[in-house]
Amino acid sequence: EAGVTQFPSHSVIEKGQTVTLRCDPISGHDNLYWYRRVMGKEIKFLLHFVKESKQDESGMPNNRFLAERTGGTYSTLKVQPAELEDSGVYFCASSQDAAGTPPRFFGPGTRLTVL
Amino acid sequence: EDQVTQSPEALRLQEGESSSLNCSYTVSGLRGLFWYRQDPGKGPEFLFTLYSAGEEKEKERLKATLTKKESFLHITAPKPEDSATYLCAVQPWGGSQGNLIFGKGTKLSVKP
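Those protein sequences? They're chains A and B, same order as listed.
Counting from 1, one number per residue, gives the positions in the first sequence under our numbering.
Counting from 116, one number per residue, gives the positions in the second sequence under our numbering.
Hint data in this document are derived by calculation from the structure and do not stem from the laboratory.
Computed from a predicted model, the values in this text were never measured in an experiment.
For glycine and all other residues, C-beta sits at the position ideal for the given N, C-alpha and C.
Hints are supplied without guarantee of correctness; some may be wrong.
What the hints assert, rightly or not - Some chain A residues flagged as far from chain B (calculated, every beta-carbon gap over 10 Å):
1) GLU14
2) LYS41
3) GLU42
Unchecked claim - Subject to a maximum C-alpha distance of 27 Å in a straight line, what follows is the list of computed DSS-like cross-link-like pairs (lysine-lysine):
4) A/LYS41 to B/LYS184
5) B/LYS183 to B/LYS219
6) A/LYS44 to B/LYS183
7) A/LYS41 to A/LYS78
8) A/LYS78 to B/LYS219
9) B/LYS157 to B/LYS222
10) B/LYS157 to B/LYS219
11) B/LYS172 to A/LYS44
12) A/LYS78 to A/LYS15
13) A/LYS41 to B/LYS219
14) B/LYS157 to A/LYS51
15) A/LYS41 to B/LYS222
16) A/LYS44 to B/LYS194
17) B/LYS172 to B/LYS157
As the list claims (entries may be wrong) - Computed footprint of chain B on chain A, listed as stretches where at least three residues anywhere in the stretch have a Cβ under 8 Å from a Cβ of chain B:
18) 18-29
19) 70-76
One chain only, chain B, in its complex shape:
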């Protein structure tokens, strides 16, 4: 069964303290892996798409990487405004483009 597991469930960092979020996936065939950010009371906001092992994407303080079994979202020198829930989703081969399998997310809190 296709599955996505994100860890940790919650992460508290001090401003400037770098860390990584993990997304482990089990899927018959990976078409794409996506990262979203979700703020309270809002819908997910698209961050990155990764398609193949070894691929990396960057945006400001965030960098996403992909291996054959997991993806990492690295946060470098985070700021309080980076506080949010980060969601990982995979798109299996053979499924429709919207039929994503989401993880439960990692809730990140960055304290000043």
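Same shape as in the complex, but just chain A:
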């Protein structure tokens, strides 16, 4: 069974440009999560989808970040326009567990560098 996949693995962009990150969860997993780790800091929650609905987006830093999960399958996270402080590693995770259980399967992450 394929794990959680993320694309691209690395992205280097200029400040002010737009970047779209993609996450493909494990097939059949209704729960999809986005996290971010800025260098030197801990991993932080961004948002949680249940199927195509946003269950919790309290961790989204500002309105430059837009997450979608059309059809309840893969998800995209768009940053527009990117700022220097958006640099970091963006992780996606998925699970099909009962409510309250933690995300179990993480993707390898997308390393975003904003110059």
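Based on these hints, arrange chain B on the given structure of chain A.
Just chain B, lined up with the frame of chain A:
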């Protein structure tokens, strides 16, 4: 403010030298505490879930324990393949299931 602190930041062990990693947490109410392992260039890999003080979980050379203020990850007779960063995360009551608070991790190196 909810917070998770892991210590030490880095730990070097010789193969077979047992030790413990610490995760101290401050949270208004604990729904669950989770341990993950992360290898370089990969995402976190789920290890354990602990829900109540006194609970223990084991997997191979690893054992996780939980008190009301901290959790320990005990590593018994580690091997080089146990080298990784170990992350602790808490899930507060009232938060959504994915809204975890992570520590910065402990980077473990096991030398042969």
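Checked hints:
The Cβ of A/GLU14 sits about 25 Å from the closest Cβ of chain B, beyond the 10 Å cut-off, so the non-interface label holds. Separation of A/LYS41 from chain B is inadequate, the least Cβ-Cβ distance of about 7 Å not exceeding the 10 Å criterion. Its beta-carbon lying about 4 Å from the closest one in chain B, A/GLU42 breaks the requirement of being farther than 10 Å from that chain. The straight-line distance between the Cα atoms of A/LYS41 and B/LYS184 is roughly 22 Å, inside the 27 Å bound, and the hint therefore holds.
Simply put, B/LYS183 and B/LYS219 have alpha-carbon atoms about 20 Å apart, close enough for the 27 Å limit, and the pair holds. Distance check on the hinted pair: A/LYS44 and B/LYS183 sit about 23 Å apart at the alpha-carbon level, within 27 Å; holds. Only pairs whose Cα atoms come within 27 Å are accepted, and A/LYS41 paired with A/LYS78 is accepted, the gap being roughly 22 Å. A C-alpha spacing of about 26 Å is found between A/LYS78 and B/LYS219, which places the hinted pair at or below 27 Å, so the restraint holds.
The straight-line distance between the Cα atoms of B/LYS157 and B/LYS222 is roughly 14 Å, inside the 27 Å bound, and the hint therefore holds. Restraint check for B/LYS157 and B/LYS219: the C-alpha separation of about 16 Å stays at or below 27 Å, so the hint holds. The straight-line distance between the Cα atoms of B/LYS172 and A/LYS44 is roughly 25 Å, inside the 27 Å bound, and the hint therefore holds. Taking the CA atoms of A/LYS78 and A/LYS15, the gap is near 14 Å; set against the 27 Å cutoff, the hint holds.
For the hint linking A/LYS41 to B/LYS219, the alpha-carbon distance of about 6 Å falls within 27 Å, and the restraint holds. Proposed proximity of B/LYS157 and A/LYS51 is supported: the alpha carbons are some 25 Å apart, at most 27 Å. Taking the CA atoms of A/LYS41 and B/LYS222, the gap is about 14 Å. The hint holds against a cut of 27 Å. Pair hint A/LYS44 plus B/LYS194 does not hold up; C-alpha atoms about 30 Å apart against a cutoff of 27 Å.
Among the hinted pairs, B/LYS172 with B/LYS157 is consistent with the structure: their alpha-carbon atoms are about 24 Å apart, no more than 27 Å. Restraint check on the stretch 18-29 of chain A versus chain B: 0 residues with Cβ-Cβ distances below 8 Å, three needed, restraint violated. With a cut-off of 8 Å between beta carbons, the stretch 70-76 of chain A has 0 residues touching chain B; three or more are needed, and the interface restraint is violated.
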